[in-house]
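Make the full structure from the sequences, and use the hints.
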Amino acid sequence: MENSCLSLMIVNGKSAGDEALRTAVADMREAGHRLEVRVTWEHGDAARYLDEAVALGAQTVIAAGGDGTINEVATALAGLSGQQPALGIVPLGTANDFATSAGIPLEADKALQLALVGRPSAIDLVGVNDKAWFINMATGGFGTRITTETPEKLKAALGGVSYFIHGLLRMDTLKPDRCEIRGENFHWQGDALAIGIGNGRQAGGGQQLCPEALINDGLLQLRIFTGEELLPALLSTLGKPEENPNIIDGASSWFEIEAPHDITFNLDGEPLTGRSFRIDVKPGALSCRLPPDCVLLK
Numbered sequence: 001m002e003n004s005c006l007s008l009m010i011v012n013g014k015s016a017g018d019e020a021l022r023t024a025v026a027d028m029r030e031a032g033h034r035l036e037v038r039v040t041w042e043h044g045d046a047a048r049y050l051d052e053a054v055a056l057g058a059q060t061v062i063a064a065g066g067d068g069t070i071n072e073v074a075t076a077l078a079g080l081s082g083q084q085p086a087l088g089i090v091p092l093g094t095a096n097d098f099a100t101s102a103g104i105p106l107e108a109d110k111a112l113q114l115a116l117v118g119r120p121s122a123i124d125l126v127g128v129n130d131k132a133w134f135i136n137m138a139t140g141g142f143g144t145r146i147t148t149e150t151p152e153k154l155k156a157a158l159g160g161v162s163y164f165i166h167g168l169l170r171m172d173t174l175k176p177d178r179c180e181i182r183g184e185n186f187h188w189q190g191d192a193l194a195i196g197i198g199n200g201r202q203a204g205g206g207q208q209l210c211p212e213a214l215i216n217d218g219l220l221q222l223r224i225f226t227g228e229e230l231l232p233a234l235l236s237t238l239g240k241p242e243e244n245p246n247i248i249d250g251a252s253s254w255f256e257i258e259a260p261h262d263i264t265f266n267l268d269g270e271p272l273t274g275r276s277f278r279i280d281v282k283p284g285a286l287s288c289r290l291p292p293d294c295v296l297l298k
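Read in UniProt numbering, the sequence shown has 285 at position 285, and its numbers run on one by one without any break.
Calculated directly from the structure, the hints in this document are not laboratory data. None of these values were measured; they are calculated from a predicted model. All C-beta atoms in this analysis are idealised placements derived from N, C-alpha and C, irrespective of residue type, glycine included. Honestly, I wouldn't trust all of these hints.
Claimed, not checked - FRET-style restraints, in silico, Cβ to Cβ: (1) R29 - R275: 48 to 56 angstroms; (2) H261 - V39: 18 to 26 angstroms; (3) A26 - K131: 34 to 42 angstroms.
Okay, structure coming up:
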């Protein structure tokens with residue numbers, strides 16, 4: 001029996017030949033789902049395909065790719081006026097940080113089924129300087145330099161662990177960023193080795209930087225790593241980070257960051273460089289099809 005609701009899937013061009021995804025699409029169509037597929041070639045394609053989805057009356061737009069693809073589709077959705085299609089996610093990237101922490105299956109067939117028939121939940125989106133967005137996390141400092149510099153071949157071969165290995169090889173470049181961070185009832189100034197501002201919980205291929213974050217509570221979770229050595233600080237998050245003087249936590253619906261020099265934040269895989277950042281939660285900005293037991297929902 002045909003499902004009358006149309007869905008449009010936007011696939012990262014790097015994953016267009018994924019056999020498991022192709023099989024999943026064929027199976028869903030055979031089961032009666034109306035599913036259109038578009039493949040991206042360059043930046044901006046996702047927004048164009050989203051306009052097409054709206055014109056076709058699609059009720060769901062599915063981002064099939066890594067965290068960067070999800071970010072691009074979510075950003076395009078945020079720019080729509082009027083009623084939005086729901087967001088579905090099929091994780092096909094290296095780290096898949098948002099999908100993993102949200103409990104979205106990594107198997108293409110299960111993820112696609114969830115994206116098509118899962119119950120939509122209202123979730124927050126985060127704006128940066130009124131020109132960029134993230135759905136999962138903004139990370140700055142040494143960790144950001146590592147994730148943006150990790151070679152594509154290493155990521156393809158080793159997945160998320162490639163970030164950790166590349167980081168060990170680049171420990172000689174470790175240096176802190178001096179900055180000032182303000183939020184609701186929060187103020188800190190000093191040298192930060194790494195900064196995580198989370199709507200979601202993990203980044204960098206599985207690092208739980210903001211383990212208390214929820215994507216529908218209207219708040220951002222902040223974690224700052226200070227001190228002289230990053231590796232011990234990261235390892236300490238596996239124990240009791242609240243007892244580590246080199247880890248500072250905060251929560252706010254907004255944060256402002258000022259630095260005397262350029263620093264780069266990684267927004268779900270998309271770099272943004274500057275000296276001043278205003279980061280604001282947009283409560284309930286998206287509707288996303290997530291597992292019923294998603295731990296990121298309050």
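Do the hints match the structure? See the list:
Taken as a hint, the range 48 to 56 angstroms holds for the pair R29 and R275, whose Cβ atoms sit roughly 50 angstroms apart. Here the CB-CB span from H261 to V39 is close to 39 angstroms, at odds with the stated 18 to 26 angstroms. Separation of A26 from K131 is about 39 angstroms and conforms to the stated range, judged on CB atoms against 34 to 42 angstroms.
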